[in-house]
Structure formats: C-alpha cells, structure tokens
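First residue of the first sequence? That's 992 in this note's numbering, and the numbers climb one at a time after it.
If you're looking for bench data, these hints aren't it; they were derived computationally from the structure. Cβ atoms here follow ideal geometry from the backbone N, Cα and C, with glycine treated the same way. Hints are not guaranteed to be accurate.
Label pairs and their in silico Cβ distance ranges [said to hold, decoys possible]:
1. Ala1170 x Leu1037: 28 to 38 Å
2. Arg1100 x Ala1065: 14 to 24 Å
3. Cys1086 x Gly1166: 15 to 25 Å
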Amino acid sequence: MGGDSRRPYAGGGQCSTSTVLAASFFARDTVTVARELLGRTLCRRLAPRRVVRLRIVETEAYDGFDDRASHAHAGETARTAVMYGPPGYWCVYLCYGMHWLLNIVTRERGYPAAVLIRGCEGVHGPGRLTRALQIDRNLNRTRASPAGGLWIEAGTPPRANEIDIGPRIGVAYAGPYWASRPWRFRTGHDSE
DNA sequence: TGCGCGATTCTC
DNA sequence: AGAATCGCGCAT
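Using the sequences and the hints, build the whole thing.
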C-alpha cells in the first residue's frame, strides 16, 4: 500500500473525470505492481472518437537481472532495452512469431523489469488481448498515456481475497525455481 | 549469413 | 499433441 500514486488526468477534456496511472505507480516493486494492476482499466484509443476500456484481470511479473524467465536476463540488447528504461513505458514484442505481447515497464531506469498484461475482462490471453486492441510493435517503447493512445486508469482493484496467485505460464525454460515463482495474479476468472 | 528458440493460440 | 510463423541473439 505504498501511498497514492495516482493523479488526475488534466489533459484533453473528454478524459477529465478519469484517473490515469502515472509513472510513479510503475516505479515500485514489480510483483506489487503486477498485483495492484488487477482491476485497473486498460484504455486503448482505436479511433479519434472511440476509446475501448477493459478491466485488467490477469498479470505476471518479470523482475530483475536474475529472473531467468525474463528476456532481460540475457542482458541489455536492442530487444530488451525498454525493460531497462524508465517506468511507465510499454514493452511490446512478438512472441512465437505471431502474437504481440503487452508489458508495462516497472522499477527505476537501469533495473530491468516489467509486468505482462495477460488478460482483461472478456478478453483472455495475452495474444488475444493485443489482437483485440490492435496493439503491435508501433507501441513498443512509447509511454503509457492518453496522448499515446494506450494507457491505464485507476479502475477498481479487487479485494485481497478476490485475487488468485500462482506460477507464471509458459516459462518452464527458466528452470523449476523461476518457473514456480508465484508471480501470476488473477481475479474474476470464474466464468473463464 | 545462418540457425534455434520462444512470456501463444488454434486445430486435429 | 502439433503446427503456425518470424525477429532476435549468438555462433559461424
């Protein structure tokens, strides 16, 4: 519960009543951010007059130099540079040659970490989510903000007892220790 | 310049 | 259970 890291969004009249999560929200412990992203609102502008808002229901944390499940574990490269950058930026990369995966960078500059947004209400699966929201490489390394067309609003986080915690998906290659870290968070997935 | 490998999803 | 599909990272 590290303080209120939200701030009112003051730009462009049509968003005046919403609350956009700022970089300070993402500058914290990655696992905490992953958990606290549940219930928030992922917002995507698909057209000048059309914004889609989806409640985030599934996330995963990828944290630090030692996390062998994280792409950043191999070191800073062109592909992973964004994870070493400042918090609150989007990390979008192509997975298995056909699916774009959406992450938000966490922690301070120089520390490689991000949270994978795996699913939203009604759109389950990280690849399905980006397809539904028309997210691809063009958003990589851009800042999460209304001006950029993709951002996160405060929404309504679930109660602690409404959150399920478990190991991350699809990271067996990282070995049993890192694959078993309880860094996957879900809520409201009863009708999955 | 070439090759192996995926933070997945869909079909058989 | 297996294919689809391609950019990255490292070896050659």
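Query raised in the report: Is it true that Ala1170 and Leu1037 lie within 28 to 38 Å of each other by Cβ?
Result: Distance hint for Ala1170, Leu1037 holds at roughly 35 Å.
Report task. May I ask you to test the hint 14 to 24 Å on the CB atoms belonging to Arg1100 and Ala1065? Result -> 19 Å, holds
Requested in this report: State, for the Cβ atoms of Cys1086 and Gly1166, whether the hinted interval 15 to 25 Å holds or is violated.
Outcome: 20 Å, holds
Of the hints listed earlier, there is not a single one the structure fails to meet.
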